[in-house]
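Listed here are the chains, written in short residue letters.
There are 2 protein chains.
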Amino acid sequence: MNQNLTTDRQTFATHLECSITGERYEADQLHGLSRAGRPLLVRYDLDAVRSAISRDTIEARPTDLWRWRELLPVRQTANIVSLGEIETPLVPLTKSGGPNVLVKDEGRLPTGSFKARGLVMAVAMAKELGVKKIAMPTNGNAGAALAAYATRCGIETIVFCPDDTPEINVREIAMQGARVWRVNGLIDDCGAIVGKGAAEGRWFDFSTLKEPYRIEGKKTMGLELAAQFGWKLPDAIFYPTGGGTGLIGMWKAFDELEKLGWIGSERPKMFAVQASGCAPIVRAFEAGEEHAERWEDASTVAAGIRVPKAVGDFLILRAVRESGGQALAVGDPAILKAVEAAAKQDGLLLCPEGGATLAAYHQALNTGLVDEDDKVVLFNCATGLKYPMPEAPQALDRTQPIDFDAL
Amino acid sequence: MNQNLTTDRQTFATHLECSITGERYEADQLHGLSRAGRPLLVRYDLDAVRSAISRDTIEARPTDLWRWRELLPVRQTANIVSLGEIETPLVPLTKSGGPNVLVKDEGRLPTGSFKARGLVMAVAMAKELGVKKIAMPTNGNAGAALAAYATRCGIETIVFCPDDTPEINVREIAMQGARVWRVNGLIDDCGAIVGKGAAEGRWFDFSTLKEPYRIEGKKTMGLELAAQFGWKLPDAIFYPTGGGTGLIGMWKAFDELEKLGWIGSERPKMFAVQASGCAPIVRAFEAGEEHAERWEDASTVAAGIRVPKAVGDFLILRAVRESGGQALAVGDPAILKAVEAAAKQDGLLLCPEGGATLAAYHQALNTGLVDEDDKVVLFNCATGLKYPMPEAPQALDRTQPIDFDAL
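Chains as they are written, first to last, in UniProt numbering: chain H, 1 to 407; chain G, 1 to 407.
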């Protein structure tokens, strides 16, 4: 039906590189972290891409994630495992945001979150490279996306999540065919279990940035933005930052697009948004550090960004600094207030992490980091329907006379 | 950004017609039911549309609901109220369905359900026609869509829902700025309250098919299918049928597309899917009746199709019969089994009403109403995330030695 999913197209991945040493690794092989213990980045023959296709080629294709095939690592069309990865819409947030504020509503992706982008790519590559069993630590949404895609192509999955992960996420993961375990700890405690099992050869470790292909999937957020903005980029991007894969991925996307000559050298200011109760990147940014220390006693309503230690910390910090942006922390009250404002004023139900970006935008506006004329994109990383909402207790007894004036 | 939302385009609505008497009503006026108490249908100057645009015109536009502007009733671009009404993807259901089974995943629309299609149109028309206050009875999803769009353009809304409506729906409605009341009754009991207030001039009645524009929004499901299938249509459509607006709307869409010369005269078999615990259309279909009696003591897990009495009953029955399809009832156990099969085998989480269409498909296959070679579309009308899922209680104590073999 969708030609992106059925047409054989060349991919131009040539090799992978260690993100810290530049050491080269072979393409089309199974990889975890580099020998230096850092994420691997996929590299492409961009000169060849430029000769093969143009922006018009892309625009003539159906507008989904797979239209970017030449800039993605999957070789065989048959290995694409898809649940319908649409291009997510940009929704104006006129009243609670401002006249130039757009929300990229990632809650419209399969399994209701932007985790689908990374996992659809990583699972397709796992399929291509013959992986039979995958394990992953998750705060919820990544596990759900992994479960859905892995189930769809017959790969076995085991998922570990903190024991306070919302019930809906845990059930969704199980419903979609994964074995899911609640662990009395945080996501990095879960990650330690996954790592131990992987070291024993029990499964492949799908932790954030520990396999190289999730970032290629998340990269499509940047590619899409470029196309949606007519091959320019917005002035600022506010991105809820836990592991930071998406921020790193977008920064990589912009670089590749410039090398292709499809965009110019201008870049958005990148704002890495964290919660005050778990803000390791903000602390490192402010201290001028290249790496971020683990954040102890992490706590926030925005569970998706409750990541005490990110393996790609230096890549996040580097992108934010190069862009002229900042790392910003917002408190839980501001997050909840922003979620309510967007819903009650603009009819858009954000997730708490999306609310954090709206709160951070107002903070940046108040402190002059951006101004009202700036074209701004906030990332709503998941559907607000997955998160608790306030009670609405009003009831009416229809067997009694109804006082219409009181309704 | 999206030119569909910013470009002024001509619309070709000429008038409305009573669906039972054919009596003519003026366009661009506020209407409820016809004088005969039946739904009004919007009519277009299709000859003029044919002269003005072609299939290529449509295909060159962004793929959202508003690309169909010439076949929609909204006159002024400024009255479009949008939360990003994307074209919903077709997702193959290979294992739990079959090689030719596609799910149209309507859960990707704003507020997570296909109700967004009808309500985005009805609210835009309400805005265009100066409505200030709207009331509606709902089983949940329609109320959420109404709340979101009405809030977005500043129209006041009051929503009444059965008191066993899932908590998530009630909270979503309230969160998005509507006043919501739980009523000790079913949706038609709620409808009676809305009707009474409307008769007193307190608000405008947005009940299913009681205002004429929701059907025009739902019609876009049929328009999209035609475009997605390359201007042919699938062999069969399984549609979860409560009020039936979508089924009626698709049938109208196919008729308009044929008159435009954009599709031929072939039609899918239309299967109206109901739950065994609330199957008024099935009973009327089997009895050869033109209208359906109210179903007493309605009960099903698929609350969205728990509609005891549909004001458009005769339009549903007429479309199903003309198409050579059938009205089919499936039991709650079959519905839940189908939801589980789609999730566990294909990684796609359906809503119960979507599960009902999968169960009905297998029933139709077993009884020879369709065969495996038929290209089939099942409508998943909402994201499965809005519905209860089984518990997943497994827990792991990380402070104790972990038995990896037992994971």
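Hints listed in this document are in silico derivations from the structure and should not be mistaken for laboratory results. Each hint should be verified, as a subset may be incorrect.
[Claimed, not checked] Computed cross-link-like contacts, PhoX-like style, restricted to lysine-lysine with a CA-CA straight-line distance of at most 20 Å: (1) H:K344 to G:K232; (2) G:K344 to H:K133; (3) H:K132 to G:K133.
[What the hints assert, rightly or not] Sample of chain G residues with no beta-carbon within 12 Å of chain H, all distances over it, derived: (4) R35; (5) E258; (6) G331.
Every residue gets a Cβ at the ideal spot worked out from N, C-alpha and C, and that includes glycine.
Okay, the hints, checked on the actual structure:
1. H:K344 to G:K232: violated, 42 Å
2. G:K344 to H:K133: Holds - the C-alpha atoms of H:K133 and G:K344 are around 16 Å apart, at most 20 Å.
3. H:K132 to G:K133: violated, 56 Å
4. R35: holds, 26 Å
5. E258: Per Cβ check, G:E258 is outside 12 Å of chain H; nearest 22 Å; holds.
6. G331: holds, 21 Å
Consistency note: the structure conflicts with the earlier hints numbered 1, 3.
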